[in-house]
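Grab the two chains, each in its own frame, and use the hints to assemble them into the complex.
Taken in order, these protein sequences are the chains called Y and V.
Counting in my numbering, the first sequence runs from 1 upward without gaps.
Counting in my numbering, the second sequence runs from 1 upward without gaps.
Source of the hints: derived by calculation from the structure; they are not laboratory data.
As the structure is a computational prediction, the values presented were derived from the model and not from experiment.
Where hints are given, some of them may not hold.
Claimed, not checked - Lysine to aspartate or glutamate pairs mimicking EDC-like chemistry, simulated, CA-CA at most 16 angstroms apart:
#	chain 1	residue 1	chain 2	residue 2
1	V	K209	V	D302
2	Y	K37	V	D302
3	Y	K37	V	D256
4	V	K182	V	E157
5	V	K176	V	D191
6	V	K182	V	D76
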Amino acid sequence: MSFVRRYWLGAVAILASGVVFLVPFAFIILTTFKDQKQSALRDFSWPDGNHLWSNILEVVTTRNWMLLTAFINSTILTVASVTLLVIFAAMVGFVLQRRKTRFNGLIEFLILAGLMIPPAVVPTIWLLQGIGLFGKLHGMILIEVAYGLPFSIILYRAFIATIPRELDEAAIIDGARPFDVFFRVILPLLWPVTVTNIVVQSVAVFNDFTNPLYYLPGNANATVQLTLYNFQSQFQTSYNLLFTNIALITIPPLLVFLFFNRQIVAGMTAGAVKG
Amino acid sequence: MTKTSRRIALACLSAGLMAMTALTGVAHAQSINLTYLIPSGADGVAVAEELVKSFEAANPDINIDIETRPGGSEGDNLVKTRLATSSMADIFRYNSGSLFQAINPAQFLVDLTNEPWQADVQASFKQVVTAPDGTVRGAPMGAAMGGGIYYNKAIYEELGLSVPKTWAEFMANNEKIKEAGKVAVIQTYGDTWTSQLFVLADYYNVSAKDPSFASRYTAGEAKFASDAAALRGFEKLQETHDAGLFNEDFGAATYDDGLRMVASGEGAHYPMLTFATTAIAASYPDMLDNVGFFAQPGDEADLNGLTVWMPDGLYIPNTTSNLDAAKKFVAFVASVEGCEAQTRAGGASGPYLVNGCTLPDDVPPAVSDMLPYFAEGGQNGPALEFLSPIKGPALEQITVEVGSGIRPAADGAALYDEDVRKQAQQLGLPGW
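One chain only, chain V, in its complex shape (with noise of 0.2 angstroms):
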């Protein structure tokens, strides 16, 4: 080869590395351009899709970019990155909440308490996306979820049982369920995170005995090794390991086994935040109107309500390049029309957070079990980690240990209040 030709060729090279990577970036025409950050999965997206397609009909200047990112703490970390960086979408969903608290909204989001539509908002999920200076920082995104006991209602007919009010009638129904051969309560601790619903699910039954116990909690008075009402948390779930109530394959079983298990009458309660109901519906749709839901029971039936969690929010950071479309965008999702958009796409899994919006009348059984505990008369209330900014990170691998009978319950609690002085420490909360 000739020296010219060479160096044509290296020239070749170099030109179409250089072209190769110039075919990256489409530009849009004399519209508004925003992207929309979500967690992924197939649900999520879909509502994304309708709500955007809605909202875009109405504001056709207005063009959305829907981009996913990895849930978790993969997830956490994303969003963390992106903020730091001035790099973040235009309008982005994230958790409400402690995790809420962690991203530093005064520094990094645009206030908005003064937008008209949170008129409607209600206060319980305001409450949840202030930041530490006073001001609204988002909106609901998604229904408020319910965390609680899944069960299979062809199970409780043909047994004959009644929904528990108490933890004594659980155990009873238990007990019956264990006499017919039924496995009567799943666990699933191949995700670790699905251990600790019997713990947190069981706020409310704390909070009704010992209301004060969130702020002294947080100012490291209240234990949950020594408040006889927090303990029992652990203690249930101690309790029903003891019993031997669980399925046999508990340490390995997954979410998405549990899921199967309550819908197909493999298993009759299953311990489980209530926004499973929209898996059910998209793995196990002929089984959907098998599976009901109540509140964990306390251990007396007056006192018994649901404990609540709060949806996602919707924020905007300080570095969005569109200010006013990004706002028109989240008045959007803050509206009846914006929750008519997610029924539409995903079904109704819970009640909305803004005034007007009304679910439709074919809800699925889990849900409509769970508007009681929300209507007038009904008792619910916050789960802790929305009322208190702590909650140690070790908790799931505690609840295994105790679910699985390696650690009894009272020494579990200890544990865990140990991992809590931890967080609290870095957080540098006064009393600890």
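Isolated chain Y, as found in the complex (with noise of 0.2 angstroms):
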């Protein structure tokens, strides 16, 4: 009796997650294997014969095998501008942290102001011509890297006000230079909130539709989420390619999650401890 009382709560939590990620998840694979006719009716049906293969195959191959290169560059996009986010956002949180002058209010400002006002589309692609980046990946993922900069920026900030400022002193005792105490002792230490960042990050920009739709036009230069649009339209939808699609575009993030769960969860938990 007291294992029940103990979990049962436990129990309905897991139940009712996998209610809400499995069943649609389900849905998706179920229409993967449909056909165009049965995949209108759109409902949770067990499907009348296998055209996984096909739909797959007209999937890839649509648009002169469009969904290869958005895989490549949707690969390149997400890595890239992560890594530079990371970077960046690592450094500018530890100086606002550890060096007070009079410009940090200002500074923390205009962080703020770049969570709250909304990004303008038209200036923005102005900027990007004059400077001759527009329509370009390099242009796209420091986009991505701006937008995405305020949030990572005060994660890490509140994170390395935890870190004792008696590490940084006893580093510069023993010699070392600012970028050493930066790259050798605190980056080190960040490891739980950069993992929280790549994650939470890569989700963000991986899944991104409207930034790359806007500033960057040209089927060169297709992500994976402007891939879905060659199968939906207002008046037409064909719902077997549309899922085969989403589910081809699910499966890589969550191939590579769980690979790296454990690296993942043991960064989390071994940061906490440390410091």
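Right, dumping it as structure tokens:
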């Protein structure tokens, strides 16, 4: 009896999260096996016949293998912008937290403004055109970094506040220069919050739809989220192909998470007792 | 780790980042490259690909890349943004009529008035891609559409019904269908835009009674609530709801459900634009012969005709990289070969607006039912949104209310007049 009393809440939670997460996923997987006609019903039913392979083939080869280009682009975009985000946000967070100057208030205001004020599309494009980065992946990476930076800085700054100042001072007395203090002493200690940043920002950048739509025109620049529009329109949608596409672009991040799950969780808990 | 190896690692990391970003961009040698922006969707892409293929076969030195964009209001934003930032594709497809006026054609688009192929484009289309300064800036892309009512031929045969010419006949048919235990009228308010059809497709009947309605409406003199002919559209919607003719799930059903129901005989009538024929052909090819079409019936049989929606236009922005090549492509689309390529790829969904274009003999019944309205002696006229720049943005919400029985017809019409007034004031029209 005490077993039931102790664990019933946990069991309910697991059941609820199973329903919330697994049922939609099952719906996606079932739909990828259906043909156009059955998928248009959009019901939770067993597929008649196996159309998975023909669906995958059509999704991958559509628009001259656009999905492959999109995967390459999205991978570059996500990896590059998250790398830059982590380095820059950690640096800014470190300086902002350690060095008190009269500009701190202004800088903090600017960071908050970056979070609160929605970015305007047309002036951004105008600026990008001026420096020759419009419609290029480099420019898109910089935009993702700029949009993600305020949130990451706030995360880092709060975490750096928990690292004792004595560590920096000890390093400086031992002869470390500013870069050494940051890269060899502070950055390794930031691993837990870095993991959080990597996970949150990768998901945001990989799933970004509107920004690539406006800032990255052209087929050669397509990202995975934009390929969804190959099968969906205002008046006609091929649900079997749409869901196959969704499944294909959901699986890589899912695999990454499954494989690195151990490291992510280990990183979070290891950091928690350090410092 | 030593200092130098750390430096090297950092350098490698940044070099790697640069190298990854440099992977993009493929160079084509010595041919002219154009881009062509179209709304997404499998059917539209197939037509564009066929057009480009036929065009490239005739012009081997020109290479056209198709880009897609979302439809709806997201697409409107994108088109306006790309025009405003001079980053528009070399040729693009976009709505004609009031949405065409909203992208400021005189400022952004190339003047196509004096192109030789304009001689073969029908005047009714030219009128909807003419900028305020009187210049024609587009070419027809796609077939004309009718707004009316799809019906299931199997149900009509089974119950021995005939195509109604007047509203009274239509309602009588509906009663018989309802008595036979079937759904008489399909409504799909899950996609709210589908709710407007009874009102919008009634416009031919309005103009037949009151030919000056559009100009008086633009001038702010005629109103939906006070003009008896115009009010009929709202009243028809209310009548069908009050008679209990709708499918049970009319509030949640979607456009796709509506097509399936009318094709498979789960319902008898579905008010819709005829572009749906292509969608039925794609999703339910074996039931396509079951679906017929008629114009929305009016109160008098001899005044009945079809309300016509003009197809999209093809436009060239001022910023095009190669104007001559872009004009060549537009000329190709507006030629007889262009129509044939469109029919090959997407099937025929209605008559084309280029003289000399013909439809194949084996068109689906929903298309052949539409042709008499365009033949000599047939009656058709453009929808109100092509005759007047004002279309209130809230019409679909209002028609959902009227169609769901929440708001009476007269009340809905008055509310719509108010919605229209706001838009006319935004456009700065005189008389409001």
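Hint by hint, where does the structure go against what was stated? Just the numbers, ascending.
2, 5 and 6
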